[in-house]
Amino acid sequence: MTSQVIIQAIISGILMGLIYALIAAGLSLIFGLMEIVNFAHGDHLMLSMFSTFWFWMLFGIDPIFSIPLTIILMAFLGVFTHYFIIRKILNSTMLIQICATFGLAVTIRALAQFFFTPDFRTIKNPIIQGKFEVYGVFIGYPQLFASFVCLFAFILLYLFVTKTETGTALQATSQDRQAAEILGIPSNKMFALGWAIGLSCVAVAGSMLSNYYYVFPDVGVNFSLFAFVAVALGGFGSINGSLIAGVIIGIVESVGGLLIDPSYKLLYVFAVYLLVVILRPQGIFGRY
Amino acid sequence: MNLISKELLQAKNEPLNYFNKNSLIIIGIVVLGLFLYPFISPSKFALHLLMMIFMHAVMSQSWNVLAGFSGQISLGHAIFFGIGAYASGYFYTKFQITPWFGIIIGIAISAFIALLIGVPMLRLKGHYFAIATLLIGISFQVIFQRWPEVGASAGLYVPINRDSPWLSMQFHKNKVAYYYITLVFFIITFFLVWLLNRSKLGYRLKAIRDQSEAASSLGIHVSKYKVIAFIISAMIMAPMGSIYAQYVLIIDPNNTFSADISILVLLISVMGGVGNIWGPIIGSSILIPISEFSRIYFGGTGRSIDLIIYGILIILICIFRPSGIVSLIPRSFREREKVK
Chain B
143 MTSQVIIQAI ISGILMGLIY ALIAAGLSLI FGLMEIVNFA HGDHLMLSMF STFWFWMLFG
203 IDPIFSIPLT IILMAFLGVF THYFIIRKIL NSTMLIQICA TFGLAVTIRA LAQFFFTPDF
263 RTIKNPIIQG KFEVYGVFIG YPQLFASFVC LFAFILLYLF VTKTETGTAL QATSQDRQAA
323 EILGIPSNKM FALGWAIGLS CVAVAGSMLS NYYYVFPDVG VNFSLFAFVA VALGGFGSIN
383 GSLIAGVIIG IVESVGGLLI DPSYKLLYVF AVYLLVVILR PQGIFGRY
Chain U
10 MNLISKELLQ AKNEPLNYFN KNSLIIIGIV VLGLFLYPFI SPSKFALHLL MMIFMHAVMS
70 QSWNVLAGFS GQISLGHAIF FGIGAYASGY FYTKFQITPW FGIIIGIAIS AFIALLIGVP
130 MLRLKGHYFA IATLLIGISF QVIFQRWPEV GASAGLYVPI NRDSPWLSMQ FHKNKVAYYY
190 ITLVFFIITF FLVWLLNRSK LGYRLKAIRD QSEAASSLGI HVSKYKVIAF IISAMIMAPM
250 GSIYAQYVLI IDPNNTFSAD ISILVLLISV MGGVGNIWGP IIGSSILIPI SEFSRIYFGG
310 TGRSIDLIIY GILIILICIF RPSGIVSLIP RSFREREKVK
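So the protein sequences, as listed, match chains B and U. My numbering puts the first sequence at residues 143 to 430. My numbering puts the second sequence at residues 10 to 349.
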């Protein structure tokens with residue numbers, strides 16, 4: 143095994159990891175705000191991939207141009223989800239919260255199977271395609287572009303949360319809901335905003351993924367599992383943590399697949415989760 | 010009836026866990042009716058439907074023992090279903106050990122696996138445990154998909170044996186036997202869970218669920234009892250896997266270790282009412298016919314109409330009736346004896 147192969151694995155791991163990171167950031171943001179794990183996160187990813195696909199299929203809009211449209215759609219979906227489902231279960235037990243988001247996941251996936259059929263679809267001839275070679279290491283343009291966009295979105299998210307007034311209000315609500323309400327921050331609006339942002343993250347990741355990944359109703363399952371692991375590794379509620387955790391998971395997945403056996407890729411990532419929750423349950427940057 | 014006792018009763022959110030004389034008679038008549046049913050109307054579909062309802066009620070009861078008694082939410086209960094199916098199927102296929110004994114092997118292996126998973130994992134709180142079980146459940150599926158000894162992803166085909174139906178637990182001419190086997194397991198399970206509910210162990214588990222710090226300060230070893238609940242739960246689940254394997258005679262990782270089973274048992278319990286021994290029966294009697302009938306009317310096209318209905322029902326239940334359908338039954342009817 144040459145060093146080139148290992149470098150190749152690490153680079154593709156990082157490129158994929160940045161996408162996991164953005165998905166995990168959305169999940170982490172929602173959890174940090176209201177301590178609800180969105181088990182439908184992967185299915186929201188699937189929806190945004192389908193949204194990108196249909197924009198291309200029906201109107202011929204290339205994935206790189208339909209990102210804003212998908213973001214708007216998903217942000218609205220997030221606000222709707224909050225107002226019609228999440229708002230009503232905020233004070234329920236954890237079991238009910240898990241069940242509600244699980245029910246949402248089951249519904250979304252089943253609806254996707256019903257309307258879109260379980261076929262695998264791809265976007266043919268997107269603007270960004272092909273690959274280039276550096277010192278024997280192949281890098282695909284769509285993958286590179288996707289991870290740059292995800293990193294860019296991540297930086298925007300970070301700047302929004304830390305630098306803007308709304309972002310600090312969001313952080314305040316996430317740290318102490320009651321205290322924030324006393325200061326006049328409407329927590330309900332912040333939650334809705336959190337869902338809108340969380341699903342926008344997924345929308346960016348989904349649009350970029352559909353550039354080179356198959357689109358089908360079950361596509362979100364593995365991504366959401368990796369996002370759970372990333373969120374646990376980075377610390378539930380920590381947005382910075384999910385960036386590093388996402389990249390670590392991407393590398394573990396591809397290097398583990400290279401060194402041991404690619405058919406057990408999922409297990410290496412799951413092993414990371416089990417190690418983290420046993421050894422350091424609060425994660426790398428966790429608050430809890 | 011004074012006010013205090015009424016308030017106490019209302020605070021205790023466990024309806025229908027007590028029997029009075031009338032309800033015992035009703036239960037007796039229903040059980041007798043279920044035993045006589047195949048003689049009255051031997052429609053194959055009705056028997057299949059009832060059998061599926063019983064089976065899922067037991068599977069869901071298994072989940073309910075863990076969640077309802079100890080408060081831990083497992084999203085990977087298909088592990089034990091799969092182990093049960095593989096244990097009986099594997100030992101019958103390779104060593105011609107009768108599936109009846111295979112059921113016991115399955116229970117033993119499930120209990121052991123539950124111990125292995127439970128000891129490190131049940132220390133985790135809430136979401137961490139739920140996600141851990143979800144991931145472990147999928148890991149089992151991945152491992153069995155690639156384990157050549159048990160047939161990898163093609164699975165095991167249980168060899169057909171026409172000579173000794175009872176020994177091989179295969180009934181090809183008449184499916185009624187499967188109906189009775191599931192019915193007996195169903196009744197035994199519910200009786201045992203009812204006993205557990207009234208036992209000291211049951212009270213300790215419920216104390217842990219409601220106030221784990223308080224229970225711990227009273228000298229209850231919290232993590233030990235959680236592991237016990239997990240093991241009991243696994244032991245209830247495993248025989249259903251074995252029976253299912255003998256019923257369909259094909260065992261593959263995608264129909265036994267599937268995450269869909271884990272989710273289904275959770276949905277059934279939540280639908281009926283978590284922490285209530287009647288919850289799984291009610292949930293299963295509502296959800297299973299939906300999926301069986303949708304399969305008839307819409308065909309197995311993979312368009313999953315039943316899942317759409319399930320999902321929407323669960324969301325509605327979570328929003329409007331978090332304590333399940335059981336709570337729709339008027340309290341005065343449920344606890345007539347106690348209120349007196």
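There's no promise every hint is true.
To be verified - Which bits of chain B does chain U cover? Going by a derived footprint, with three or more residues having C-beta under 8 Å, they are:
#1 221 to 231
#2 248 to 256
#3 299 to 305
Hints were generated in silico from the structure; no laboratory data involved. Because the structure is a prediction, the values reported are computed rather than measured. Just so you know, even glycine gets a beta-carbon here, dropped at the ideal spot from N, CA and C.
Each hint, compared with the structure:
Judged by the Cβ-Cβ criterion of 8 Å, the segment 221 to 231 of chain B is covered by chain U as claimed, because 3 of its residues qualify and three suffice. Residue count for the segment 248 to 256 of chain B with a Cβ under 8 Å from a Cβ of chain U: 8. That meets the three needed, and the coverage hint holds. Closer than 8 Å: that is the beta-carbon criterion, and the segment 299 to 305 of chain B has 0 residues meeting it against chain U, so the requirement of 3 is violated.
Consistency with the previously given hints fails for number 3 only.
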